[in-house]
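So the sequences go chain by chain: A and B.
Taking this note's numbering, the leading residue of the first sequence gets 1, the next gets one more, and so forth.
Taking this note's numbering, the leading residue of the second sequence gets 1001, the next gets one more, and so forth.
It is worth saying that the hints were derived from the structure and are not from the lab.
All the given hints hold, so there is nothing to weed out.
Straight line, CA to CA, 20 Å or less: simulated EDC-like cross-link-like pairs of lysine to aspartate or glutamate:
| hint | chain 1 | residue 1 | chain 2 | residue 2 |
| --- | --- | --- | --- | --- |
| 1 | B | K1044 | B | E1063 |
| 2 | A | K68 | A | D55 |
| 3 | A | K37 | B | E1040 |
| 4 | A | K5 | B | E1041 |
| 5 | A | K56 | A | D24 |
| 6 | A | K68 | A | D24 |
| 7 | B | K1044 | A | D24 |
| 8 | A | K5 | A | D31 |
| 9 | A | K37 | A | E106 |
| 10 | A | K5 | B | E1040 |
| 11 | A | K5 | A | E106 |
| 12 | B | K1044 | A | E42 |
| 13 | A | K71 | A | D24 |
| 14 | B | K1044 | A | D31 |
| 15 | A | K37 | B | E1041 |
| 16 | A | K54 | A | D24 |
| 17 | B | K1027 | B | E1072 |
| 18 | B | K1027 | B | E1052 |
| 19 | B | K1044 | A | E106 |
| 20 | B | K1071 | B | E1057 |
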Amino acid sequence: DQQVKQNSPSLSVQEGRISILNCDYTNSMFDYFLWYKKYPAEGPTFLISISSIKDKNEDGRFTVFLNKSAKHLSLHIVPSQPGDSAVYFCAASGQETSGSRLTFGEGTQLTVNP
Amino acid sequence: NAGVMQNPRHLVRRRGQEARLRCSPMKGHSHVYWYRQLPEEGLKFMVYLQKENIIDESGMPKERFSAEFPKEGPSILRIQQVVRGDSAAYFCASSRAAYGYGYTFGSGTRLTVV
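Model the full structure from these sequences, guided by the hints.
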């Protein structure tokens, strides 16, 4: 039962353009959502998060949008840079676990071409 | 201020042997989480521990796997009688409080069972 899904295994964009990574979830108990970035042979690093009481959170080049009715969130990176090339995971946590457990999607490999 | 330290980085075990994976949390963090990433998949929650207590082990396989976080020393994830299907990257994370959005991940241990 995959409660968090990232349907695009890979995404390729040109440097300077916008990257949009998508994530869908099924569990209505999720109330906090996060994006992590992962380089090969390293652990995931936190990128940006959003609470279910908001629909948008922005941090520099990164913006996360949450559409609760559609159970969908997206990460926008603009402008994209070659150093952004990595695997991006969306993750969710819910009140039933006091936020202590994250449920991850399968990841999307982003490649930013110079 | 060292981050989450995991060792070894790479571990090779023959089928039937035991694997011990170690995780030292960040200074000041008393909550430890273990996740497993199988090839081509996202991270899956295994267990959440505080010092000397297992808080949530709902993601742990019922047999052969155990985890501890003693009063002194690192957290240990132990896999007895390893099988090929245990080959994966095992990530540890720590946090100051019991909330997923406070996580810091280690670089992981890549277990290969031959």
